[in-house]
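A.B. asks: Sequences and hints are given; from them, build the entire structure.
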Amino acid sequence: MTTSAHMTTGAQTAVAPARARTATATATVRRRQGFQHGGWFVAPFLALFALFVIWPLLRGVYLSFTDANISGDDASFVGLDNYREALNDPAMWDALGNSAYFTLLVVPCITVLALLLALLAHNIERGKWLWRLCFFVPFLLPSTVAANMFQWLFTQGIGLINETFGLDTPWLTDKSYAMLAIVIETLWWTVGFSFLLYLAALQGIPEHLYEAAKLDGANAWHRIVHITLPMLRNITGLVIALQILASLQLFDQAVVMMDFSPGPELATRSFVQYTLEQGFTSYRVGYASAMSIIFFVIIAVVALARMWLLRNREESGR
Amino acid sequence: MAGSFGFAALGTGADALASNARTRVRYWNLFSGGDGANMIAMLDAFRTADPDIDVKDSTLQWGNPFYTKLAMAAAGNRAPDLGVMHMGRVTGFSPGRLLDPWDVGLLAKYGVREQDFNPKLWQRGIIDGKLYALPLDIHVQLCFYRKDVLKKADLLGDDGRMIPVTSTDEWFDVLKRAKAVQKKGLQTIGLWTNDQNFQWWFFVAFYTQLGGRWFNDDNTEVLFDTDKATQVLEFLRRHVTDGYVIPGAPTGEQFVNGAPFTWEGNWSVPVFSGAKLDYGATPLPPVFGSQATHAESHAFVLPHQSDRGGATNEGAHELAAYVVKHALQWAAGGHIPAYTPTLSTAAYQKLTPQNEYVGAMDHQATEPKVWFAGSTGVLAQDLGPVVVSSTMGSARPDKVAGTMKSHLTKLLASKNPMDGRTAAQGGAVA
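Chains as they are written, first to last, in my numbering: chain B, 2 to 319; chain C, 927 to 1356.
Simulated from the structure, these hints should not be mistaken for laboratory data.
For clarity, every value in this text was computed on a predicted model and none was experimentally measured.
Among these hints, one or two may not hold up.
Claimed, not checked - Here are some chain B residues pointing at chain C (derived, C-beta under 7 Å):
| # | residue |
| --- | --- |
| 1 | N70 |
| 2 | T282 |
| 3 | Y284 |
The beta carbon of each residue, even a glycine, is placed where N, CA and C say it ideally should be.
C.D. replies: Structure representation (structure tokens):
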């Protein structure tokens, strides 16, 4: 949307350079005045942002080139040693693998589930508000609360889930189930957000498209496949991208559900948790910083890839 | 947490009014639950004994956050006057920089002397010739057994205690006989098969029974014996394959409900006594011939202060000495008091099952004295999950023994981030 608006402005400028110059001059004046006033409003935020985001980020980059420990003194410059060690550290790759595995499980499940729930809540006639509330409310819970609840639900012997389904599954203590348990908890806890995005998008699809299709004899299934899904394409892209970024940063629910351990046989130790261990169990702040930067790069690559894909699709769509 | 912060805030206000003439000693510990209550009772007793010292105690969450806070407080020169640590962590805690040594003369003035302690235990607190950790207790891994079940299986001796076991065959025979008479649907023994801490502690115990070593005296060479390790790992695994364990089943609860055995830390004593069970507790059975059970210690330390000294420092010495000497209450939590005169008092000898396992003091299996050792330290965090993978059957014992050796080799070569030295380069000189 923003991109196309810019393009239009650009085209007009080319056609009428003189008028554009005047316009630019006015804009500059306006912008300068705007900054004078707006600057003061933004200043408190900027100061806090610089103090708590920019400065720690720069400090983290600096620390990643040192052998700093938790006490903060006696750090010496070690060049790329931390990075070299991290890239050769099988435990780091295992942890990254765990985060990726979690992402791979969560993203498709949550996307499909959110869509189904949204279709349900959108098409249901009675008690619409109740459905919306039910699906969205878990998202409002703090992660520790949701994770604690599921820790009880999954406990072998007394947990409600095994009880209900007549199972005796060691959800939290066996390496083949532990990550699944976290995935299930995450689905319940966060599906509400994607659900809401889908619901809003569904309400934005013009009714006349469905009417026209109906006149042409399309049944409900055809209408979903040929109207609803294509009209939701952009929002699906957004949901997937946001979910990938959120899932890769797996940490709090896993740590709470596993009682701050890395899970059975390290099965649920995420990248973030391993970084934390290096920094705060092994006291290797420099090494932990280097891993954070590596993680930052991975996340940035994923985000950029998403933007690139999106742009390609927009261009091919035009 | 919120509650304790609230009380801490209240305490500060009241102390500020009352503590003009008194010496204030700030003391950080990591005791919650029953241990916490016992520690508070001992502090209250001290407050009555010496009203001139104003003890300001703070309880922090056990585990790594505690050590991180203590380290950062010491590095930032905001350290408390007195702290508690696990003995095994002291070597890695940069003694001399984050910890100050004890004044042994001052301790003696308050009645605590080296000869009142188990010599090996006292030595663990000494680094570069100075005492950095004053032991309060040892806490050990125990074999808890239900007398009501074992009686039916004829496994109790004339003294009402479990019959001695000296080999793995004897041990599995005991399990078999107990299983025959136990309540159905329960496991025969709780082993914490999924828990990386417990599995690691059990491994250390049995590996020590076999006479296994970790490193040479100079910490330059790995002497880890993979054959012995394999024997231990196979022994642990066999409990699962022979069907004596339900993996993942809650251990303590099963024991309370009638499972004949469970291996737990001695801190479970108040739990089982509270449940009014007819039970006993021995050190882990010497199935490989010699006695040894895993032991760690809580110890008092002096976090580094650049201006340590004077009345506050003396107050910290007095307080620590008092608690170490009056640790009978502490024994109620199952811990074995480090101060040996306590052990020969009539009051202690009347405590059951404490009097059954007090001998564990002389057969401690501990982690090697290196910077990466200690409760929830790097060593346990690295090797614990590996031991679990063998016990649970996802990796073969002999392969796991090899993995453990390669971890140990890597750790021995790595530098302590606190001072940039490897284990061979310093710290562990006793």
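A.B. asks: Is the hint on N70 (chain B) kept, meaning its closest Cβ partner in chain C is under 7 Å away?
C.D. replies: holds (4 Å)
A.B. asks: Double-check T282 (chain B) for me: the hint is only fine if its C-beta lies closer than 7 Å to a C-beta in chain C.
C.D. replies: holds (5 Å)
A.B. asks: Should the interface hint for Y284 (chain B) be scored as holding, given a Cβ-Cβ cut-off of 7 Å against chain C?
C.D. replies: Because about 5 Å separates Y284 (chain B) from the closest Cβ in chain C, which is inside the 7 Å limit, the hint holds.
The structure meets every hint from the earlier list without exception.
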